[in-house]
Amino acid sequence: MDLRDSEIKSSISNYITGGEDSQKSLSEFKKLTEIYVYNFPRAAYRKDMDTCSEFYIYMLERFESIIKNFPLEENIQFKTWFNYVLRNQFAHFLRYQKKQAVFELSLDDHENESALEVFETEGRDYSFLYDCLQNLTEIERLSLKLFYMPAGLTPDEIISSADVFHLPIREILLIQGNIIKARADETERARQTLLKISYINNILRELKYRLHALRNNMGVDSARLRARITRYEASKTRKIRDLESPDRILFAAFAPLFENMVRAKRRLSLSKKKLKMIIMYNINAQKRRL
Amino acid sequence: MTFGCGYFPENEMLLYLEGKSQRSAIIEDHLRTCSDCLGEITELNLLNAKMESFIPAKIKHEPTLVVKIKDGSVVSAFSSSVSARLIPLAGTRSTGSKGFKALFASGVLNPEVSVQAVGGLCRISLNTPGYRHTVSEIRKKGEMLPLFAKNTLRSEIVFRGIKPGDYQIKSGEYLINISVRKA
Chain R
1 MDLRDSEIKS SISNYITGGE DSQKSLSEFK KLTEIYVYNF PRAAYRKDMD TCSEFYIYML
61 ERFESIIKNF PLEENIQFKT WFNYVLRNQF AHFLRYQKKQ AVFELSLDDH ENESALEVFE
121 TEGRDYSFLY DCLQNLTEIE RLSLKLFYMP AGLTPDEIIS SADVFHLPIR EILLIQGNII
181 KARADETERA RQTLLKISYI NNILRELKYR LHALRNNMGV DSARLRARIT RYEASKTRKI
241 RDLESPDRIL FAAFAPLFEN MVRAKRRLSL SKKKLKMIIM YNINAQKRRL
Chain G
1001 MTFGCGYFPE NEMLLYLEGK SQRSAIIEDH LRTCSDCLGE ITELNLLNAK MESFIPAKIK
1061 HEPTLVVKIK DGSVVSAFSS SVSARLIPLA GTRSTGSKGF KALFASGVLN PEVSVQAVGG
1121 LCRISLNTPG YRHTVSEIRK KGEMLPLFAK NTLRSEIVFR GIKPGDYQIK SGEYLINISV
1181 RKA
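In order, the protein sequence lines correspond to chains R and G. Going by my numbering, the first sequence runs without a break in its numbering and finishes at 290. Going by my numbering, the second sequence runs without a break in its numbering and finishes at 1183.
These are computed hints drawn from the structure, not numbers from a lab. All the pointers check out, no bait thrown in.
Derived coverage of chain G by chain R (criterion: at least 3 residues anywhere in the stretch with Cβ under 8 Å from a Cβ of chain R; other residues may be distant):
#, region
1, 1006 to 1019
2, 1026 to 1032
3, 1037 to 1051
4, 1064 to 1070
5, 1169 to 1182
Calculated lysine-lysine pairs in the DSSO-like style (CA-CA distance at most 30 Å, straight line):
#, chain 1, residue 1, chain 2, residue 2
6, G, K1182, R, K98
7, R, K47, G, K1170
8, G, K1070, R, K31
9, R, K24, G, K1070
10, G, K1020, R, K181
11, G, K1163, R, K99
12, G, K1140, R, K98
13, R, K68, G, K1020
14, R, K99, G, K1140
15, R, K31, R, K47
16, R, K79, R, K47
17, G, K1141, R, K30
18, G, K1182, R, K31
19, G, K1020, R, K79
20, R, K181, R, K272
21, G, K1163, R, K31
22, R, K31, G, K1141
Ideal placement from N, C-alpha and C gives every residue a C-beta, glycine not left out.
Make a model of the complete structure from these sequences and hints.
Here it is in structure tokens:
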């Protein structure tokens, strides 16, 4: 989700300097940022749509005071500043909601109604994986975490990464952000490829059915159909190969931690193999104990 | 509002995060010793990455509409998935303009929704592309029974005298969440 930096900055500048046009600039600012604000709780904290609506309404009254505080004289991107503001506003909003919540005891008689069953899904337990990761050396553990779980890096691990990879903290933060973005892009790419494969499968099914219907008539139509089927099959194979191939963008985001991409790949592959061995050894040890 | 422990101004820390700060080396040294600032900058970096990689999903059948009313006029309108516009209402020469109404419109299939303020209450109307026989109802969010239910053949369905609050409108296969607030 992107914000148009120059347009937003010009609308803020018009709002601050413009007298009569200030309301127009404010509504322009709202138009440019409303989808971003609405989706903020969902994108940042995985909240539901109701929270998104409530938060948007909460923010609607505060746009005017927020817009005045933007430091136009500094060379800060609006997005960075706005994320910081939205995070603080969301914390205020959660406190405000807690205050507003009034719990009333219902006096209705529900004796004859069927009871509601609540199923709770258990959260994933990664403790076994984390125990196994502890058996690796620091550089192996951090490179695996940065590549596979970049969002799970703790502040202490950021400092350790800066020491281990001999890079400034700011560089580590930049690489972490780039890997998260590359992972999201990779997921989207995989989703799009799967949609294309399913589209090709539908066409192939129809073509094969038509070929089956023409089985006694081996004329020009049948030859054309077979040629089309071959073309679509080849296209499907190419798409599957695309899906299986490692993502270059993801490795390009990860490589700056090492001297070059080859070393990055080698280090990651070795760390992965070592972790697999440790996991297998620990599983066998658990089985033996039982 | 201070950033972390408050040793550096927040704008300085935001510039550092973007790689534009002149005092990067001093901030780096500070981050190594201050867990508050390090925690906050890590969280903000994560937030930036998450927001940048987020793709808002398009919701076809359940749009959320938000309308704010004040002094018999709609002052702002927002929708999560369909386009929202404020349309001026025509007035007579003596009374002048009568404020605005909100219009939510999307593709050909979805009904067009317009919200007009009448005093402190609202008039919500649904316009469908063709005539159809359907049951339309409006209910307060969380309640079992609808406030109004209409079984009509007309293409326009109107609900009058709606107080500010959160509602759900169901018309045929369409479900619309609408929130009316006082400004």
